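These protein sequence lines are chains A and B, in that order.
Just so we're aligned, residue 1 is where the first sequence starts under our numbering, counting upward by one.
Just so we're aligned, residue 1 is where the second sequence starts under our numbering, counting upward by one.
Source of the hints: derived by calculation from the structure; they are not laboratory data.
Note that the coordinates shown come from a computational prediction; the quantities given were computed from them, not determined experimentally.
Glycine residues also receive a C-beta, built at the ideal position from the N, C-alpha and C atoms.
Mixed in with the good hints there might be a few duds.
What the hints assert, rightly or not - If you want the footprint, here are the derived chain B segments under chain A, 3+ residues with CB under 8 Å:
#1 9 to 19
#2 24 to 31
Said to hold, decoys possible - Counterexamples of contact, computed for chain B against chain A with all Cβ distances above 10 Å:
#3 D35
#4 L36
#5 G39
#6 R97
#7 K167
#8 I259
#9 E313
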Amino acid sequence: MESTKVYRIQEAAIETGVDERALLIWVQNEWIIPAHLLEDEDLNSQNPYQCEFDEEDLARVRLIRTLQAEFGVNDNSIDIILHLLDQVHHLQQRVRKLERQG
Amino acid sequence: MASVNPYQALGVSATATADEIRSAFRKLAKKFHPDLNPGNKEAERRFKEANAAYEIIGDADKRGKFDRGEIDASGAPIQQKPSFEEGNWNQDAGSQRYYYQTQQDGGRYSSAFEGIDPDFFEHLFGGQQFRGTRPPVDKHYRLEVDFKDAILGAEREIILPGGKKLKLKIPPGIESGKTLRLKGVETEHAADAPRGDTYVEITVKPSPLFARDKSDITLELPITIDEAVLGGEVRVPTLENAVVLKVPKGANTGTKLRIKGKGVGTPNSKNRGDLIVTLKVVMPKTIDPDLEKSMKAWRDSHSYNPRETLEREGGI
Numbered sequence: 001m002e003s004t005k006v007y008r009i010q011e012a013a014i015e016t017g018v019d020e021r022a023l024l025i026w027v028q029n030e031w032i033i034p035a036h037l038l039e040d041e042d043l044n045s046q047n048p049y050q051c052e053f054d055e056e057d058l059a060r061v062r063l064i065r066t067l068q069a070e071f072g073v074n075d076n077s078i079d080i081i082l083h084l085l086d087q088v089h090h091l092q093q094r095v096r097k098l099e100r101q102g
Numbered sequence: 001m002a003s004v005n006p007y008q009a010l011g012v013s014a015t016a017t018a019d020e021i022r023s024a025f026r027k028l029a030k031k032f033h034p035d036l037n038p039g040n041k042e043a044e045r046r047f048k049e050a051n052a053a054y055e056i057i058g059d060a061d062k063r064g065k066f067d068r069g070e071i072d073a074s075g076a077p078i079q080q081k082p083s084f085e086e087g088n089w090n091q092d093a094g095s096q097r098y099y100y101q102t103q104q105d106g107g108r109y110s111s112a113f114e115g116i117d118p119d120f121f122e123h124l125f126g127g128q129q130f131r132g133t134r135p136p137v138d139k140h141y142r143l144e145v146d147f148k149d150a151i152l153g154a155e156r157e158i159i160l161p162g163g164k165k166l167k168l169k170i171p172p173g174i175e176s177g178k179t180l181r182l183k184g185v186e187t188e189h190a191a192d193a194p195r196g197d198t199y200v201e202i203t204v205k206p207s208p209l210f211a212r213d214k215s216d217i218t219l220e221l222p223i224t225i226d227e228a229v230l231g232g233e234v235r236v237p238t239l240e241n242a243v244v245l246k247v248p249k250g251a252n253t254g255t256k257l258r259i260k261g262k263g264v265g266t267p268n269s270k271n272r273g274d275l276i277v278t279l280k281v282v283m284p285k286t287i288d289p290d291l292e293k294s295m296k297a298w299r300d301s302h303s304y305n306p307r308e309t310l311e312r313e314g315g316i
């Protein structure tokens, strides 16, 4: 179960060690879709300083950081990698469900 | 954990340059990072091993101390707070988790794939139901099949309502009421209801000649009185070709004769059933005077009583 703690963008920056401005750009790129933004379709209308990040978002931020800073992944590849990873997780879940059903 | 020699863990020689060590570490970290191998325990173990090794020999100071034997592969005996280069490698220290761990029980990001591309998942998972879509729609049809086709099996072209033509394989031995399930049949279906299966219920038309008894087929065979008395060879139809049957001398109405291998087929084409022929003695249409005369003569000298038991039991 995910914890219900949410972080404002400033807190998220401190927790992850990633600059606030970088986080903003990542939200605009839709690499991160912060929890509260799901309720409102229009990303542009939201004041980004009201974004709320949850633990999932923070883990994802750290992953993006690792990909960029440690593995030299360029910006164009980041969302491809994230997209593929999310599909892998989804498929793994479905397989686990199927295995439980026997 | 740090019982592995760090040079070995990174696959470098003890005289490797700092650049070589960094490069070797990067390569292993990229390959075994837990988020890039979600759920793979072995990968995580290798990652942590590489990480621990790099902490020692990736740092010039510690490498020196290790080489001189002042610290071991875990950094002991000197108490050290782990120091990080650039990124934060010890992610699972404290409450921080790797990204893959947040997705294990249905994270928001991976759950976004529910309902997308139902055909792809349906193919993989055999038509499992999706949230927000209707249940798969099955199609049911009925088909009447000739007795011979049901017994021996056949391939028939059928036309479904809507004009779609299908080549249907009728398995040998199929019985009325059995349903064939067709996979991969393109039929109309609503956009939001995944394609279901097509079922065809079989009804077998009766044959004027043959009947079915489990794995055998049966036939009533009329014979003449002379064939019954004298025996002889009689031509008998089967589902495929005519067969010559030897009627034994003295054959009676109700005598059953078995023709092997002319019965109900099976899908594996072994163990085919038999054709059971039940004889029926049929009198000539008219009794001519010659027959009557010879019968009377024969009766006088050859009597027999087929009603013996009946008379005894019935008290006649």
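Against the structure, the hints come out as follows:
1. Given as covered by chain A, the region 9 to 19 of chain B fails the check, having 0 residues with a CB less than 8 Å from a CB of that chain where 3 are the minimum.
2. Counting residues of the region 24 to 31 of chain B whose CB falls under 8 Å from any CB of chain A gives 3; the rule of at least 3 is met.
3. Non-interface status of D35/B relative to chain A is broken: a Cβ of that chain comes within 10 Å, the nearest being about 5 Å off.
4. Chain A draws L36/B into its interface by the beta-carbon criterion, the shortest separation being 8 Å against a cut-off of 10 Å.
5. Residue-level check failed: G39/B sits 6 Å from the nearest beta carbon of chain A, not beyond 10 Å.
6. Against chain A, the non-interface label of R97/B is violated: not every CB pair exceeds 10 Å, the least being about 6 Å.
7. The Cβ of K167/B lies farther than 10 Å from every Cβ of chain A, with a closest approach of about 32 Å, so its non-interface assignment holds.
8. Distance to chain A confirms I259/B as a non-interface residue, since its nearest Cβ pair spans about 48 Å, more than 10 Å.
9. The beta carbon of E313/B sits about 63 Å from the closest Cβ of chain A, which is more than 10 Å, so the claim that it is off the interface holds.
The structure does not agree with the numbered hints 1, 3, 4, 5, 6 stated previously, though it agrees with the rest.
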